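**Student:** Chains as they are written, first to last, in our numbering: chain V, 1 to 407; chain S, 1 to 407.
No wet-lab data here; the hints were simulated from the structure.
Nothing here was measured: the structure is a model prediction, and the numbers come from that model.
We put the CB at the ideal spot given by N, CA and C, even for glycine.
Among these hints, one or two may not hold up.
To be verified - With a straight-line Cα cutoff of 27 Å, these simulated DSSO-like cross-link-like pairs (lysine-lysine) come out:
1. Lys24(S) - Lys126(S)
2. Lys315(S) - Lys20(V)
3. Lys209(V) - Lys126(V)
4. Lys106(V) - Lys126(S)
5. Lys126(V) - Lys126(S)
6. Lys20(V) - Lys24(S)
Stated by the list, open to error - Far from chain V, by Cβ distances over 12 Å, these chain S residues were calculated:
7. Asp105
8. Val168
9. Asp182
10. Met220
11. Trp239
12. Val241
2 protein chains.
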Amino acid sequence: MALIVQKYGGTSVASPERIKDVAKRVLATKQAGQDVVVVVSAMAGETNRLVSLAEQISDSPDERERDVLLASGEQVAASLLALAIRDLGQTARSFLAHQVRIETDKAYGKARIKSIDSTRVLQSLKDGEIVVVAGFQGVDEEDNITTLGRGGSDTSAVAVAAVLNAGVCEIYTDVEGVFTTDPDVCPAARKLDRISYEEMIEMASTGAKVLQIRSVELAMKFSVPVHIRSSFSQAQGTWLVEEDQTMDSVLVSGVTYDKDEAKITILRVPDRPGLAAQIFSPIAEANIVVDMIIQNASEDGTTDLTFTVPKADYKKAIALVENMANAIQAKGVTVDPGIAKVSIVGVGMRTHAGVAAKMFQVLSRAGINIQMISTSEIKISVVIEEKSTERAVRVLHEAFIEKQGNL
Amino acid sequence: MALIVQKYGGTSVASPERIKDVAKRVLATKQAGQDVVVVVSAMAGETNRLVSLAEQISDSPDERERDVLLASGEQVAASLLALAIRDLGQTARSFLAHQVRIETDKAYGKARIKSIDSTRVLQSLKDGEIVVVAGFQGVDEEDNITTLGRGGSDTSAVAVAAVLNAGVCEIYTDVEGVFTTDPDVCPAARKLDRISYEEMIEMASTGAKVLQIRSVELAMKFSVPVHIRSSFSQAQGTWLVEEDQTMDSVLVSGVTYDKDEAKITILRVPDRPGLAAQIFSPIAEANIVVDMIIQNASEDGTTDLTFTVPKADYKKAIALVENMANAIQAKGVTVDPGIAKVSIVGVGMRTHAGVAAKMFQVLSRAGINIQMISTSEIKISVVIEEKSTERAVRVLHEAFIEKQGNL
């Protein structure tokens with residue numbers, strides 16, 4: 001029997017009524033002759049409620065205990081969905097991370113899945129049950145509870161689909177699919193029918209919130225077909241697939257933005273080998289992900305080193321960096337949380353020159369100053385001042401997507 | 001180092017502020033030189049909120065999934081308390097049932113603890129940590145989540161205290177201790193300084209809500225000294241101890257009542273051997289606890305069989321009983337949810353005759369009709385109409401406790 005994995009996000013299970021709707025959809029899939037494994041997020045608002053409880057108790061909540069707290073949200077949603085399916089007369093069974101051993105590393109709050117034991121899931125499917133797995137959560141090798149970070153349920157779903165060799169992993173969400181850019185910012189945005197794994201990775205890593213980036217990496221690694229679609233309609237959404245020839249003709253598939261980073265500059269770093277490693281090692285050890293890095297050499301043989309970190313880790317990073325700046329005798333540290341990263345993404349860039357130049361021109365004409373630049377084979381990102389974000393997105397969308405081919 | 005187990009109920013951890021207060025109290029105990037293991041209930045109102053979610057989804061929620069749902073409440077409270085203790089600078093660690101293997105049988109919603117693996121708790125204590133254990137929850141041998149029933153955290157605490165051979169198990173609650181009767185019903189009620197395990201079992205099983213009865217049975221079995229006290233003051237509460245000579249002089253220690261039962265009568269049951277077993281087996285198999293049973297022989301060789309069950313199981317019981325009544329050719333079934341059980345409890349009854357007679361006399365003078373009677377060595381219970389409950393409690397408290405010794 002074909003196997004399908006369906007993942008429902010927080011808005012899809014926001015209330016008992018919506019959970020019942022999800023149960024009906026799941027049951028319809030089962031009755032159409034497929035085995036179904038469902039992965040659920042916490043009910044919308046629940047994770048925020050739990051975070052707020054933790055913050056009322058501690059300014060810097062211990063990460064292990066925070067994960068124990070947050071994992072309860074998916075536990076509630078999973079059991080309620082199993083209840084709802086059973087109420088329709090179909091046997092169903094919920095599983096938490098420790099029950100199907102979704103084993104992760106020990107990075108609380110952003111753990112990575114190492115393995116899943118499919119034994120109990122397969123037995124449950126064999127018994128004719130619909131399986132409901134709590135998303136977002138894992139356990140480390142000592143059975144401590146971990147969580148996978150924001151959007152982690154997507155990764156849970158793709159990992160489960162990969163382990164079970166599912167025919168498709170459907171990601172149900174509150175939007176119709178992946179859009180060329182954020183429709184709230186740019187009304188001309190339109191839904192994409194297909195997008196390659198690589199483009200999706202770049203879009204997710206540059207601000208598109210529709211999927212957790214690790215879930216796309218996993219999907220690409222194990223060639224899991226992913227269908228991103230709305231839980232409120234039957235419309236086809238966006239398929240995540242292998243790149244093919246026809247995609248090359250499209251120069252830019254999407255314009256993304258990210259306001260969740262902050263910029264830190266270490267002034268006048270002495271130009272000695274090994275200093276970069278010395279600066280970034282403690283940041284990495286604190287599990288802070290550094291995104292863009294640039295160096296500007298000064299005339300006096302020192303270097304200004306600028307990089308961006310998630311706003312959530314901003315204060316922790318500054319404390320580490322200020323210590324470090326002292327130790328290496330740099331001249332000081334400046335910080336700027338008022339920035340945004342705007343990016344264009346497309347596999348067509350591989351075979352077309354001049355895309356970067358056109359991007360800089362478009363922004364320049366709009367009077368938007370570029371502070372940092374970072375490129376990959378299929379993506380160009382720039383850091384600009386935060387308040388110009390929406391305007392930058394609209395002019396880039398107009399130039400590259402609404403009028404594409406006019407390079 | 002001496003070890004103390006402290007259990008905090010839902011009202012003691014009802015808000016972030018109260019959780020911080022509990023953390024301070026726990027830390028003070030630790031700083032006084034004792035190892036501390038804390039067992040917590042869900043925040044007040046949380047279990048009801050979860051039950052309501054389940055009921056919005058299903059009229060008869062699957063019991064396995066309901067336990068997965070409800071167990072999340074204690075998970076939240078345990079992690080928040082560990083966070084609060086850590087915020088005071090003391091290392092602390094929460095454990096869920098699957099992490100310390102609080103293994104139970106499979107009776108979802110009212111599971112019994114079979115064993116606890118103390119390895120991780122002992123290691124954590126050795127590391128100088130305060131240990132926080134989620135109450136109310138367990139896992140069966142297949143790692144399915146179970147819950148211990150209303151008040152189950154008391155039982156978790158006493159079981160943990162027994163396994164760890166703790167010096168005392170402190171049960172923190174929102175009242176000052178165990179009272180001679182419900183102060184809301186009878187203003188003359190007073191706090192008891194000490195009470196024997198056996199009396200406490202009878203009081204709990206006849207309606208005193210202060211402790212889950214299984215927790216007292218466990219405490220008696222393993223001779224765990226239990227101290228029931230208020231989390232809002234430093235006052236001494238009530239100690240649960242072995243019975244001793246001085247207790248004999250007190251005829252009645254407490255007056256209790258229970259409005260949570262319903263009465264079912266099967267009319268004209270043919271008088272054949274084995275019929276009682278045939279009637280009660282399916283009820284037992286449905287995990288419904290039958291409390292009082294009486295038979296009234298009729299003149300025609302048949303018997304009217306009357307018994308009480310918890311109101312929560314009332315509808316389930318009626319369905320079973322009606323089936324059964326047909327099968328054994330009884331004449332019908334009558335039901336009465338409008339009853340209450342009122343009891344007097346005291347080890348002094350062992351050595352004094354005439355207590356029952358006086359009880360019936362006191363009720364008769366107050367014009368209260370007795371429908372059923374049940375006695376043990378240290379307890380007399382009567383079933384009366386529900387609306388006379390409070391009056392019955394007051395006249396019995398006056399006769400036996402305010403004026404005791406006047407038999």
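**Student:** For Met220(S), is the shortest CB-to-CB distance to chain V above 12 Å, so the non-interface label stands?
**Tutor:** Consistent with the label, Met220(S) stays out of reach of chain V, its closest Cβ about 33 Å off (over 12 Å).
**Student:** Checking a non-interface call: every C-beta of chain V should be farther than 12 Å from the C-beta of Trp239(S). Is that right?
**Tutor:** Its Cβ never comes within 12 Å of chain V, the nearest being 32 Å, so this holds.
**Student:** Given the hinted pair Lys315(S) and Lys20(V), is their alpha-carbon gap at most 27 Å?
**Tutor:** Given pair Lys315(S), Lys20(V) holds - Cα atoms ~25 Å apart, limit 27 Å.
**Student:** Could you grab the alpha-carbon distance between Lys24(S) and Lys126(S) and see if it respects the 27 Å cut-off?
**Tutor:** At roughly 21 Å apart (the allowed maximum being 27 Å), Lys126(S) and Lys24(S) satisfy the hint.
**Student:** Hey, Lys20(V) versus Lys24(S), does the alpha-carbon distance stay inside 27 Å?
**Tutor:** 43 Å, violated
**Student:** Has the given pair, Lys126(V) with Lys126(S), been kept, meaning a C-alpha gap of at most 27 Å?
**Tutor:** With Cα atoms ~45 Å apart, Lys126(V) and Lys126(S) exceed 27 Å; violated.
**Student:** Report holds if the minimum CB distance from Val168(S) to chain V is greater than 12 Å, and violated otherwise.
**Tutor:** Holds, because the least Cβ-Cβ distance between Val168(S) and chain V comes to about 26 Å, which exceeds 12 Å.
**Student:** Can we confirm that no CB of chain V comes within 12 Å of the CB of Asp182(S)?
**Tutor:** 33 Å, holds
**Student:** For the pair supplied as a hint, Lys209(V) and Lys126(V), confirm whether the alpha-carbon distance does not exceed 27 Å.
**Tutor:** Cα-Cα ~36 Å, so violated.
**Student:** Is the claim that Asp105(S) lies outside the interface with chain V correct, judged by CB distances over 12 Å?
**Tutor:** The assertion about Asp105(S) holds, with a minimum of 18 Å to chain V.
**Student:** Against chain V, does Val241(S) hold up as non-interface, every C-beta pair farther apart than 12 Å?
**Tutor:** 36 Å, holds
**Student:** Run the distance test for Lys106(V) versus Lys126(S): straight-line Cα separation, threshold 27 Å.
**Tutor:** Given pair Lys106(V), Lys126(S) holds - Cα atoms ~22 Å apart, limit 27 Å.
This entry does not satisfy hints 3, 5 and 6, going by the numbered hints stated previously.
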